[in-house]
Every structure is written in C-alpha cells, then in structure tokens.
Amino acid sequence: MQFRLNGGDRKCKVSPRTLLVDVLRDECGTTSVHIGCDEGICGACTIFLDGESVKSCLVLAVQAEGKDVETLEGTGSGKELDVVQQAFGEEFALQCGFCTPGMVVSARALLKNNPNPTDQEIRAAMVGNLCRCTGYQNILKAVKKSAEKLQSG
Amino acid sequence: MRPAPFGYQLASDLIDASQACARGAIPLAGGQSLIAAMKSRQMTPELLVDIGELRDLRGISIESKRIRIGALTRHCDLIESELLKEKVPWLCEAASLIGDAQIRNRGSVGGNVCFADPRANLPPVLISLNATAVIGSSESSREVPIENLFQGFRENALVAGEILLAVEFDVVEGQKGSYRELSPQLNGVPLVNVSVSSGNTIGVGVGGLNSCPLRLIRVEEALVDGIGPALEAFDGEAFEPLEDLQAGAKYRIKVGRVLLRRALEEVLN
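Protein sequence lines, in the order shown, are assigned to chains Z and W.
Numbering-wise, this note's numbering puts 77 at position 77 of the first sequence, and it's gapless, one number per residue.
Numbering-wise, this note's numbering puts 165 at position 165 of the second sequence, and it's gapless, one number per residue.
Derived by calculation from the structure, the hints in this document are not laboratory data.
For each residue, glycine too, the CB sits at the ideal point set by N, CA and C.
Everything hinted at is true.
Distance windows between CB atoms, simulated:
(1) W:E46 x Z:G7: 35 to 43 Å
(2) Z:Q95 x W:V159: 46 to 54 Å
(3) W:L47 x Z:I35: 23 to 31 Å
(4) W:E266 x Z:K13: 52 to 60 Å
(5) Z:I35 x W:P5: 18 to 26 Å
Generate the whole structure from the sequences, applying the supplied hints.
Structure follows, in structure tokens:
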C-alpha cells in the first residue's frame, strides 16, 4: 500500500487484516499514535485521515491506500510544541500523558471547524477521548486557551 | 485483538462489489462496527469487499419532496446537511448521538442500517419516516420498507449479491418528529431508543426492545384515539429485549414506554 504520512510518501507491505494503527507504530515509527483500549473507545489512536479525525485502531491499513495521514509528529517543527500542545502543558492538562496525543488531535479537529467553541461544544467534541488521570477540567481549560491563542494569532 | 485473516477486494464499481457479495463477501463501508466486531472475533468473514470508493453511493439529495441518502453518506454528513437540518432535524440529532466525532467521521448510514444492531440510532428514525431501503445488485434492484431489512440480532435481509444503495423517504410540509434515547453514558450505545415522525401518517420506530429495530404498528393505529390508547397498545406488545449487565428486559420496556410518551407528546402537542 501507498499513502502519505505527515507530508512524505510511504510504501508498506501489509496483509488485509493489518490495522492502520499497527502500520503507523510498527512500520513507520510514528509512536505518538497510542493503543489504549484497542476497541475504538478511548481515542488514544486518533489521527487525521484526509484531514478528518478518526480512530486508527478501527481502520484497516488498506483503507488508507492513497490517502493523507497526519499524526502528531507531522505538526510544528518536530522540536517545538504547537499552540495546542503548549496549552496542554501550561494548563497541566496531562498527567501520565498516554491519552494526550489523541486529545491534541481531537482538539485540533474541533478548533479547525469551530475556532471559538463553548465549554459544552468542547466536551461534546472530546467525548471520544478518555483520560484516566486529569478529570478533564484542565483539558477543557487547555482547549479554551488554545482557541483564544489561535484566534488572537 | 486483531481480526482473523480474511481476503480483501477493493470494489471498482457496483457490479464488481455485487459480484464479490454473491461470492459471500461482506461489504466494508466505514467499518466502525464491522472492524470492531472482527477484532473481537464476533465476526470472521472470509472476504471483505471495500465499497468505500463507490462515490455514487455518497450524498444527500431531494427530488419532488423525496429525500435520498446514499448508503455511504457518513453520520457527520447527516449532522452538517442544511437540507436535513431544515426538514428532519430529529434525524440529525439521532446521528449526532452516535459514537463520537471520530466514529461519525467514518461511520456510514448504510453500515448503521445493515449492521442491524437492535440499538442502532438511525433505524427507529428511518422507520418512523416510513423510509424505503433501495437495494441493488449486478442483476436487479428492489425497494423494501426499511423495517423489513431487519431480520434479527445483527441480521439483515440482503441476499447474496445485494448491496444497500440508499434510503429514501418523503418529507411533508410542517412535518414534526422526535428522537429519544436513554444511554448509560453520553453518546454511548442506547439501552432503548424511540422515534416518532408525523407526516401523512404518524410513524413510530423503536430500538432495543427486541432482537432488531421495530415498527410499532399497533401503537401507530391506536394513535387515532390519542396518546393514552397508544401507550396501552405499547403495553400490549410482546417485546423481547436484550438483557445484559446494564439493564434487564423489564427496565428496558419501562424506559421505552416513557420515551415513547415523551416523543408522542413532543410531536402531537
């Protein structure tokens, strides 16, 4: 299969039953994509597929043929944090950090379509990402802060 | 877990897909139910035919007051459709309560319907709208009332070679409707869901009260005498809901009655 990953072309040999999440982690080394529940619930494996957030544990690798995949590794310079990541740090929106890559992707997906979301809209948009550490309050704050920063440029 | 080994074929057109289905392949659309079921080995198909690239099956249109929703139309497309928001907002609401943003970005109407889970969000609404399932194969096509598609727990009525192409329903001026569900957690799989739609006749669809989604014909008939008689008709139904750790049968029926009353009051009053 061939697809684009974070702007570069990738070629992989996969069997039909290979999941996209396994290709990303094992073949491509993009290990920001985490496997949490592995059942499509927790959202730790959330990525952008053709610009839309999806759970890569519920996508067959072959379904990504010719498509554009973006993971956390593909944003920023690779060394510096982007606005959303920075806000997560500043607001202590993570503790163990396992859910964070998925959270950041979902937050970006929300802010792309809705640059100024209400608390309720943030909660609704992040339903598919579970965090067992923070109690979500600080994640909410981090997304709000990201929205403010992105809007003020 | 990972799915058991299977063959994979990317369909180039409908005929291609239909011929694969005739050989026993299962159509793969968004895969948000199918892949999960394959990972848990509840399903172990030998061959999948990926219909994801059949663009003709995608989209929402209206022609002489009849709305057509292509089978590959995703839940996020339903929620964002200005046409549906204007004509049947309760269908958009039901779609918005499916899974989460990530699931709705991939899950399709056809998958939600054909997976035929008794608790799926869209079937009760489509039943209440008197929707028709448009089914095609490489040889023929047919249309059936949507409720006839549901044959049992995760069993649909498609025969070898057939693929769901679209769902269609009429919209009527001033039409009202309601979708109600009770779910143990926000956006979770509902225990029970109910939809009522007005129109030329009032349609009532329920999920979670039997092995598959149902049209409540006796409730619909009793509605000419009002909500009270309709609820009595509901009490007279012999439901056989799923029972699991979340809820027993009696509780689900009780909840179904409450949701039905609220939906009827919303639509009729």
